[in-house]
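Asks: Each chain, written out:
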Amino acid sequence: MPAKDGRSENGDVGARGEGAVATTPENLAELYQKMVLIRAFEDACQRAFRQGKIGGYLHVYTGEEAVATGFLDAYREGDRVITAYRDHPHALLLGASPGEVMAELYGKRTGLVKGKGGSMHLFDVKRGLMGGYGIVGGHIPVGVGLAYALKYQNTDHIVQLFLGDGAINQGAFHEAANLAGLWGKDEMCPCLFIIENNQYGMGTSVERATAMTDLAAKFDSYAIEHEKVDGMDLLAVLECAHRATERVRESGRPYAVEAITYRIAPHGAADFLEKYRTKEEVEKWRERDPIGMVEKRLLDSGDLDEERIEEIKQEAKREVEEAVRFAEESEEPPAEELYTDVYAGEGEE
Amino acid sequence: MAETKTYREALREAMVHEMDRDESVILMGEDIGVYGGTHLITDGLYDKYGPRRVIDTPISENGFTGAAVGMAMMGMRPVVEMMTWNFSFLAADQIIQNAAKVRYFSGGQVKVPLVIRGPNGGGVQLSAQHTHSLESFYGHFPGLKVVAPVTPNDAKGMMLTAIRDDNCVIFLEAGALYGTKGEVEEGDNAVPFGKARIAREGSDVTLIAYGRQVNLCLRAAETLEEEDGVDAEVIDLRSLRPFDEDAIVESVKKTHRAVAVEEQWRWFGVASEVAAIIQEKAFDYLDAPVERVSGAETPAPYARNLELLAFPSEKEVANAARWALYMEEK
Ligand SMILES: Cc1ncc(C[n+]2csc(CCOP(=O)(O)OP(=O)(O)O)c2C)c(N)n1
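Keeping their order, the protein sequence lines are chains R and Y.
Residues in the first sequence are numbered consecutively from 1, following this note's numbering.
Residues in the second sequence are numbered consecutively from 1, following this note's numbering.
It is possible that some hints are incorrect.
Some but not every residue of chain R turned toward chain Y, in silico, with C-beta under 10 Å [said to hold, decoys possible]:
1) Phe-49
2) Gly-115
3) His-174
4) Ala-335
5) Glu-337
6) Thr-340
What the hints contain is simulated information worked out from the structure, not anything from laboratory work.
Even for Gly, the Cβ is constructed at its ideal location relative to N, Cα and C.
Pulled out of the complex, with its shape left as it was, chain R reads as follows (with noise of 0.2 Å):
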């Protein structure tokens, strides 16, 4: 339970009792759908990457599903999203289709940016997502400002500013949570920050990052309110997320979760060699999968049938398929757009 001035006690990781949101069945079900497609997203472009399809960079979620299908079930349009380079579900969740996420993955001129940002910076504006950003930590600041802004055109709507665990430990984390802490006292900051702590920032452990390992806890020097969560766990991240963005949009002051999850991928699509965990490890987590874990939930509760799961599933692959054979069979950007977007008003308007 929180502690009485509502902040969380170190260590304690867990849903509250209180305020738990109604999550029907079929509620449930369509977000056990949602994250089987991005599940099945992130592996079809993993192989395209190994294929050579997909250039740069590319990060993807595996394992870590569960926290941006909680988080961003709380969304209300016209609300802002902001995150790092591992951003594909978040772009997918607001609502992009596949086919324009991959397209953008494949550089061609039907993807989410046009072929401009690639896989690290997805950005869909009208439907609230405010990029992803490829300088750890880099984004966090923006973020900030994005919430200073909607409280300033005197709006009710806040910002979910997602940030990795390694992002934590950089001066830009450190200068933006003091401003929000700063707005927030005159409730001009509703940002709700939420770390998607997957134990590693590349091949380096939180153990070996950072010399307090309690990351929401840090944002008591900032006079953020915070709490953790289980984010291998749907229903404690929803619980969390609509009571903690609520919270926020109320009150217009900056609130932190910290999310324990597992990065069961790679961190990047080109490592193969993983010398920084056991496979033993991995495994472990793999257990907690918070895929397997909603469909465990589903089944015994019998709202849905293992005829069913399959059928998501195929549904899922065929979705995806899809989406690979639009990003293939796109054009690449023409020649002229490099020179466009370098400044806003030319060329345009």
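Model the placement of chain Y with the ligand on the given structure of chain R, informed by the hints.
Replies: For chain Y with the ligand alone, coordinates are given in the frame of chain R:
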């Protein structure tokens, strides 16, 4: 109508003009509010507009500049003060990696209407870490606009344009000249970017500069006229990105000789760019190699005599003009 005002007052007037016109314009920076601004540019504005529009920030350049990028992406128009441009190295990640590039890598989905302003360069004995000219550093990045007004009238007119621009504008103020006076047009005197100003008409040699070096060139031109009977043209570039190539080329076609002047170091700098453009576009009109006058290749010294040696002087400019005119041997 025009009135005599300081460079400092002209800047403030532009900000007030835009803040009154447009609620989305806000100011941020260290000590710009309650304290009144280190350089007094924003003096009085905190009382006038309140803490939500004149935001005193903590000393965290990367953080608040990044937040300003986020605000700008949402359609606000923040004007960020760097207490001096030297400190912008701490914010360079946000300026270069986000403000300059986000429009491109978002495929044109966002704009960053952001002005970052503050005193640039040296000349007031602040020594190495507080004396730095960042024009070619920022001028290097597509996605940024870089301007450097030198007259009070341009300070106001270009600030109006900067605030209305939908891109990130690096506004390099002539910090050493905040107290200098000049005629400033009343009301909306917006000065377009990318248009150089002929600060002095002449026919024998073109002196090309920006920022406080323009004044140096004007004084050198006087000397050249008095001592050598040489009629020098002085071009104030005003804006380095976009860059008015035509103005330089036209002038060189007339004078056939050119001297490019910059405060910063010579290597990979603005004067090199000017010389290259003249070579590409007016080669056949040149009667002599383009001369360059730049800062000394050292960090800035403190001692007054050394500092004077470290930056271009009126004498160096005049001498370079004489070399370009083959009046003196190098
Ligand atoms: C400033 C910076 N330094 C280093 C890198 C290289 N890099 C890319 S991802 C990464 C690990 C970041 O870890 P974390 O923030 O925990 O995110 P995760 O990859 O675990 O999702 C590193 C070091 C970078 N992109 N930016």
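Asks: Against the structure, test the hints numbered earlier, and report the numbers of the ones violated in rising order.
Replies: 1 and 4
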